[in-house]
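Note that the protein sequences, when read in sequence, are chains B and L. Numbering of the first sequence is given in our numbering, commencing with residue 9 and proceeding in unit increments. Numbering of the second sequence is given in our numbering, commencing with residue 9 and proceeding in unit increments.
One or more of the hints may lead you astray.
To be verified - Example chain L residues on the side facing chain B (calculated, C-beta under 7 angstroms, incomplete):
| # | residue |
| --- | --- |
| 1 | Asp80 |
| 2 | Ile109 |
| 3 | Glu117 |
| 4 | Val125 |
In short, the hints are calculated from the structure, not lab data. Note that beta-carbon positions come from the ideal geometry of N, C-alpha and C, so glycine has one too.
Protein chains: 2
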Amino acid sequence: MVKLRRVESLNNLSASLENYLETIAMLKRKKHYARIGDIAKSLNVKSSSVNVAINFLAEKNLVIHEKYGYVDLTDKGEKIALEVQRKHDILYQFLHNLLFIDNVVADKEACEIEHLVGIETVHKLEILHTLLKKYFLTKSEDIVNLEECLNKWKE
Amino acid sequence: MVKLRRVESLNNLSASLENYLETIAMLKRKKHYARIGDIAKSLNVKSSSVNVAINFLAEKNLVIHEKYGYVDLTDKGEKIALEVQRKHDILYQFLHNLLFIDNVVADKEACEIEHLVGIETVHKLEILHTLLKKYFLTKSEDIVNLEECLNKWKE
DNA sequence: CACAAATGTTAGATTAATATAAAATTTTTT
DNA sequence: AAAAAATTTTATATTAATCTAACATTTGTG
């Protein structure tokens, strides 16, 4: 019931293009700059593929790219990158720290879901997570023990 | 951090192909049969696109298709279809009935997430949903009131 | 039962995201 | 500063999923 062509998220960007923005933001945080080659390495794609994507994003005013130089986010691009990263973070925490999904799987699933869900859904997941952690679960208890936790707490 | 080419879920099927199987199962449930045109209408694609997909699925022994006749699922195809439908159902219930996401949005997001998450994740969401519904929430309370609910229940 | 309407199939085109390979530019080394 | 090495760019190809348009088959009606 889905078409996986262009125009997926609310930014009108495909999952792939959101990943490019996200990666640039991550590299800037870690290394203070992002080059075509860094992005390619991070995403496990060839630098020629990165070039195509960056040219497209530059046309949309989401990145700036001087030929043979650094890639940088515009304000608009940065805003999108931060939102995607926030979604990723909340989803990962929910899956790993609340549901106790293995960290590799949780990261993989967060990476994919982050491009599909609206901010409202993510926000509600965050509330749910916070409250449940606050009231019921200790760091080491798996969600499958939640029923026990609830009963214990009830007494 | 994702590649959106072939081989996505554990069935080695793309989201698109899983949707074809899911749709055939749905049509069989509703109308007791599925034809190329029914599938096309359900998925909002052209029947020529359905043909291409069905030929591929037939090669993989997931559907049977007599030329100009009905499309049917093999046992293998049905198993996959049912699993995807179960994922969809759990995700939709979680989003709509627990998080109170609008039904159209919840359905859209469930449709997309169902192809990305493992059965373990979905299973844990189901447990969480069941327990929370059982202990805290009445049908009409939004998750944003959860904190209040918890406090009330605590007294 | 013939033929029109509906339905299904095939062939070829398009788009997004990637790749490969070769050319262009920059950086490093000597 | 010239040659070698590394990086970036460009041009062209591939794959999945879709489309359009032309062709084939089946169904339904006079």
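Here's how the hints hold up against the structure:
no.: 1; hint: Asp80; in the structure: violated (20 angstroms)
no.: 2; hint: Ile109; in the structure: holds (6 angstroms)
no.: 3; hint: Glu117; in the structure: holds (5 angstroms)
no.: 4; hint: Val125; in the structure: holds (5 angstroms)
Hint 1 from the list above is the single one not met by this structure.
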